[in-house]
Every structure is written in C-alpha cells, then in structure tokens.
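Student: Sequence:
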Amino acid sequence: MEFPFTVELQPPFSFWTGWLVTGLVLITAAAALYALFRWRLRDLLRDPAAPQIHRPSERDLARFRQRALAELADMEKEYRDGGLSARETSQRLSSLVRGFVGDVTGISLQECTLRDIRRLRIPVLTGLVQEYYVPEFADYDEASGDTAGSRGISRESVLQSLLRTRKAIERWR
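Going by this note's numbering, the letters in the sequence shown line up with residues -1 to 171, in that order.
The set of hints was computed from the structure by calculation and includes no laboratory data. Hints may contain errors.
Said to hold, decoys possible - Each computed SDA-like pair below joins lysine to any residue, with the alpha-carbon atoms no more than 25 Å apart:
(1) Lys165 <-> Leu112
(2) Lys165 <-> Ser155
(3) Lys75 <-> Gly125
(4) Lys75 <-> Trp170
Construct the entire structure; sequences and hints are all you get.
Tutor: This is the structure:
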C-alpha cells in the first residue's frame, strides 16, 4: 500500500522578514535611548561646581610644607605643655590640615563638611579630618575643662593625631 505525499517542502525563512527587521530596529532604538539616558543622567548628577585640583611648584610646596610643619610643632608643644585641650588641638589640627591642603590644591576647604571632603577623593585628607571629628565635636565640660574624657579621647590619641598629621604633610606630593 502506497501513500501519496501531499506535503511540499517549504523554502527556509519563508516567514515575513519584516518582523526580523522591525525587531532589530526596536532593539537598536532601545539601546540608543538607554545610552542617551545614561549620558544625560551622568551630566545631571555631575557636580557642576566640582573644584579643579591644581599642583603647586616644588618651591611653593616646600614653602607651604615648612609653614604647616612649623605651626604643627608650635601646636604640639602647646598641647604637651597643657595649654591646649584635646578639643582645641583637634580643631586647630583640622584647620591646619585644611589650610595646608587648600594651599597645595587651590581648593578652599575651611567650610567643607566631611561629606564634601570625601567627594574630593583625597584619602589622606579624608582620613585625617575624620580622625579629628570625635574630639573636635565632643561634649565639653566647662567646669573641669575636660574635653569628653568619658568618650575615650586620651592624650595618646591626640599625640597620635599630631604625628599622623605631621607625616601626611611631610609626604604630601
């Protein structure tokens, strides 16, 4: 018994090629819109007032370094002699390092918060300012003249801050 075959072979890709073209156009358009959106979003999120860091000449850097180290030595002597509390020393250290880095980079840092300083992506500066925050903003006991003794700000930790500040200034490039 023989069966007649009535099925004819179909040529490959016999479907409408318009769907393929439409799909490729839509995928390309979606990728282009995504890229455009990312590009515009990046421009919108970029801080328009992001400061430009300038590098001083070697002579200027040496002069800034010498001035900062002299001020740091005076501050350390005054702290060791008992003329400054941990809080006052931390406040002056913060002002000193902000002033030094400001002189070296050309960026005014005296009124910057820690968050602003983090955005600059200068790890040494961020670490030092962060280190000064606890004693700098600690509760102050007017009667005893003690700066946050209960918060664990020891004389040794202030001396370590002075040492780390000196090393950072000496190694600044």
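Student: Each hint needs a verdict: does it hold in this structure or not?
Tutor: Comparing the hints with the structure gives:
no. : hint              : result
1   : Lys165 <-> Leu112 : 21 Å, holds
2   : Lys165 <-> Ser155 : 15 Å, holds
3   : Lys75 <-> Gly125  : 23 Å, holds
4   : Lys75 <-> Trp170  : 23 Å, holds
Of the numbered hints stated above, none is contradicted by the structure.
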